[in-house]
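Assemble the whole structure, with the sequences as input and the hints as a guide.
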Amino acid sequence: MRGTLIYIGQRLVLIVFTVLVVSFGVFFIVHLLPGNAFVSDRVHGQALQILLHEYGLDQPIPVQYWNWLTGIVLHGSLGVSLYIRGLPITPLVLRELSVSAMLGGAALIITIGLGVTFGVLAAVRQNSWVDYLLTTIAVIGYSVPSFVIASLGILIFGQWLNNLTNGVIYYPEPWTGTYGTLAELSVPAIALGFYTSGQITRITRAAMLDVIQQDYIRTARAKGLVDRVVVLRHALRNALVPVTSILGPTVISIIVGSVVIENIFGIPGLGKEFVESIFQHDYNVTVGVFTIYAVLIGVANLGVDLIYTVIDPRIRY
Amino acid sequence: MSDRLIGKLRFWQPLALMGALSLVVAACGGGTTSNNQGSLAASQVLKFPVYQSAGTFDPGEADAEVDTEISQNVFDNLWRFDDKLNLIPDLATEVPSSSNGGISSDGLTYTIHLKSNVKFNNGDSFSSKDVVYSFNRAVALQGAYASNLSAIDGFSAVKKAAGSPPSSKSSAGTTSFRKTIEDKLAANDPSLQMKGLTAPDANTVKITLASACGWCLTAWSLQGSTGSIVNQKTVQTDPENWWSKPVTPGSEGGMVGTGAFYLSAFTAKQSMTFKSVSNWWGTPKPTLKEIDIAIHDPSAIAGDVTAWEQGSYDLIGYGGNSSNLTYPLIQGIKGNARFAKELITQPKGRTTWVSFNVGNTGTGGPFLGSSAAAKGLRMAFALAVNKQDLATTVCHNTQCQAATGGLITKGLVGYLGDNQDPLAQFDATKAKQLLQQYDPSGNLTKNLKYSYNTGGLNDPVASYLQSAWQTNLGVKVNLDPSSDASQFISNRLSGKYVMARDGWQFDYNHPQDWFDNLWGSLATDAGANTSGYNDPAYNALLKQADQQPIDQALPQYKQLAKLLSDNVVYIPLYYSVANFAIHSYAKGAGSNTQADFYWDEISIAQH
Amino acid sequence: MATAITNPTEFEYAGGTVAREQVSLWRDGLRRLRRNRLALTAGIYLILLVVVGLISLVWTPYNPNRIGTCETYALPGGGHPLGCDDLGRDSLSRLMVGTQVSLAVGVATSVIVLLVGVVVGLVAGYFRGPVDAAFSLLINIFYGVPPLLVAVALYVLLGAGLVNIIIAISATVWMDMARLTRGQALSIREREFIEAARAGGARAGKIVFGHILPNALGPIIVQATFVIPVAILTAAFLSFLGFGVPPPRADWGGMANEGLPSLQGGFDPYILLWPALALSITLLAFNFFGDGLRDAFDPRQKR
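Protein chains in written order, with the numbering used here: chain A, 4 to 320; chain B, 204 to 810; chain C, 121 to 423.
By construction, these hints were calculated from the structure, which means they are not laboratory data.
Computed from a predicted model, the values in this text were never measured in an experiment.
Ideal Cβ placement from N, Cα and C applies to all residues, glycine included.
Wrong hints could be hidden among the right ones.
[To be verified] The following residues of chain C were derived to be distant from chain B, with all beta-carbon distances above 10 angstroms:
hint, residue
1, Val170
2, Leu223
3, Val276
4, Asp296
5, Ile340
[Said to hold, decoys possible] Partial chain C-side listing against chain B, Cβ under 8 angstroms, derived:
hint, residue
6, Pro366
7, Ser382
8, Gly385
In structure tokens form, the structure reads like this:
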């Protein structure tokens, strides 16, 4: 237990350090970028200088970073938007984070659900057509870019099925309000979850086969236990360990994928904000989103490690 | 592929029909008259999407079309434009002229009488001091359109006084230039009071100009901008963010104006709601009770069109977003008999051209200077582009029209007339000949670059130009795309490109808006003379034109246009066309080129 | 269907040693690869792809950037087997030219990652101590940010351009290679023959590049082939989001992006479908081929 606490402590220090390095790096990069949020056919010369000054952008970058950092630590504020001039961005990005979390959560459930089901089925029916079909789907899953799946989703559900069923089955765009509707969430979440499900299928299948061939399963079978029970009780629990091991990368995959998916479907989450803020030179938003992602990834990885210890009590840190 | 899908594609063939597309001024709106006709729907809520978040509604700073087209319904100016772009009184009782005594005989003094029954949305009454405050504030803020007030005596002094902001302090957000300005204005700091702007009594404003001005009334009437009247009390509550705060009963702050609508909810990057002011002072009283605006990503527009067809939105294209309807979507709407008549096209007041570097010696290039050779080469490049074909190929004659009547868009004061611009001609033979004559070896035009910012029509236009110059001149021009628009604009304004995409969208219907801002010494002083064209003859003529009333100045402005084309400063490309999808039951909705029709002219008929 | 990916017979290699003679390792590997039909098919497809890419350097049916080659949004058929895009450019020609970008990004990134990752990994693994700690921290930091976002940030910093895209992507995918090499170096440096070389007075550089590297080469090469599809995918993501090679140059991600509006408009799905298909098949092929390569040359590694 004590070892685990020390481990968690070390990880937290690493997360904080990473977040600091990442935020400074990104802060530095975005402020080095040519151009700025304000310039237009009409805003140049003095008008531009005044705006740059208003937002402290005429100061040296380290000073600006220090101000930004103290803003977070002292006031919990990620600063103000430059695009929506002067708007505090903390509530904005938190709202967007919750949208992304909902989408990512749905995708994660789909990924794990599909991946584990397919993996178990493939392993149980090893070398049958089921196995071949599912493993092929898995490879297609992690080879086909999510925006392709998303576009196909729009084509099939938004148009073909819509036309065929005269609007009975219809995927509605655009996203409404903050959190959309379940129907609006469906296609994006599937498009996002499908990609990572392929890897989970593979890992589950391999792990299941590994476990199935181990002695204690053979013993269980020899004792006459029914196949299904054997599989679920013994094999699945042990197979979950390697699956857990790729949960971290899976979460990162979903975060990355959400950037693309949110932009295709116009979902008002962090991923869309990130791309928008880059184009708009909305520095604080870009840095804020980056920082949030770095924290998320750190926490996700730590969380996975802790889940490990729950699933497999042999693991100690 | 399903038959249905292909069915939608059938309209390819009659491209010729589209070629004959003519711009229809949305006369069907007729705004002011249609208000109380027919039976009204029970729900008077107007719903539409926009594709850009509000940057700022603060009239002192706003510079985005989207923002001003929304805030024009909240803020009023002394005068405004009617649907035909004529000036009509708004907060003032009349449009001053020399005949009604509003403008003195030397053209330097304007006496403006204000309506006495005007109230702000928060109940405050409106008086001449609000005009003085709003104008002084706009000049002190030095926002994008501060120069609209530049003719007022004392403008330069206030600009100078305000323009040296306080030295930077700690974190961004606490250093507030805006707060400083508000404090000084509240204290009646004389350094921020324009000498020429006074309020002799509560209902009279007197404006003295430094020099006569033929365009000032028009510029001051630009809504949602520096001529708009804001409420000092509410601005002071939050100089940074007052414009994004909803107006709630009992609170001091919020986006308060004298218009028929007020901001009732603001969710950044998601939605905005406006509501009509009960017992509004003006007439006609607004019919709409509520305006729901969804803020969407431009990529969502396809879904929005579907939603519009299903009735979830009443219109698409309001808020300066009319150019976001892509060609496939426009065709989709046109292909549907039910909706085809609800598609409204309207000149956008935006012209796109190619600027040559003619005057920036540091940038160089073969087009620099006024020698016969430089001019001849410019002419060669201009004549080598088939503008009609470009409009057909790139915008399918749907999103743009060939620019054949000068740089000022068709429909605006200063338009030269169809096919009146010699540079709009296409003559490959002559182009080739000129090139042979002035660059026989091809050395001068080697390694030429055409610079542009990516996105929208700019990419296809660049590709088109490249292949036109290759085919018709045999010159290989390299493309120099810039994915960062702000950097491109900075570079372009400071004249760093030999050949660059250039363009202008008019702010108000006056040629001064074009000739002051783009060429000559005024543009150079502002750091915005892309081509570096700065000819004494042009400057002298412009100064003269700017000081005279438009009817006397128009021939001079046309003369200026002729100077530009005689000197081959640009290659005219196209005029943008706006496309609106407006359900016929949204009575009174539409656009007058300048801006969307006001919400108080719109009503929802039973449908 | 030969399931190269999950052929259970691989497990029998689990006890193999690295100390096998190099020659036979390569020969064995090639033999195994040849027997893997799926990987072989993928390999043939990839060779064809390279050939198409090379051909497109000198010849395409139409000028891929020429606007108005045919009617805009023309459906497949006639002189344009894949139809035309929103500007009337020939889709087949653009698809062919797009091959160049994908292959260039994939291969160049792979080479850069190979160089950077191997050097960092070897140095960290061989010298251990503070050097290792520093590099490991660096690797961990890079793992702590979403790769696509880093690539976007670098892309906008460096500016549009093929070379910059390659650099930006390389910066986000070098860590796996470094970590793998480091692990290899850590284990190999404990072997007797390294001890012997060290005792014989060999310099560190000689040991690292003369002894450790050759013995770690199998997994490194396999890893390098897996970098290619990742790089192609990242590049496609980038250009799909609008951070691709500057127009008018055709690349698959950008083409898909251009095709999205007309697909969403219920208009002409082909503009998007062709590059999407090309991209998917190519990534599939690289993954199958990589799997086959791993099974053949790095049989100990489990997936």
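Hint-by-hint comparison with the structure:
no.: 1; hint: Val170; result: holds (27 angstroms)
no.: 2; hint: Leu223; result: holds (23 angstroms)
no.: 3; hint: Val276; result: violated (7 angstroms)
no.: 4; hint: Asp296; result: holds (29 angstroms)
no.: 5; hint: Ile340; result: holds (35 angstroms)
no.: 6; hint: Pro366; result: holds (4 angstroms)
no.: 7; hint: Ser382; result: holds (4 angstroms)
no.: 8; hint: Gly385; result: holds (4 angstroms)
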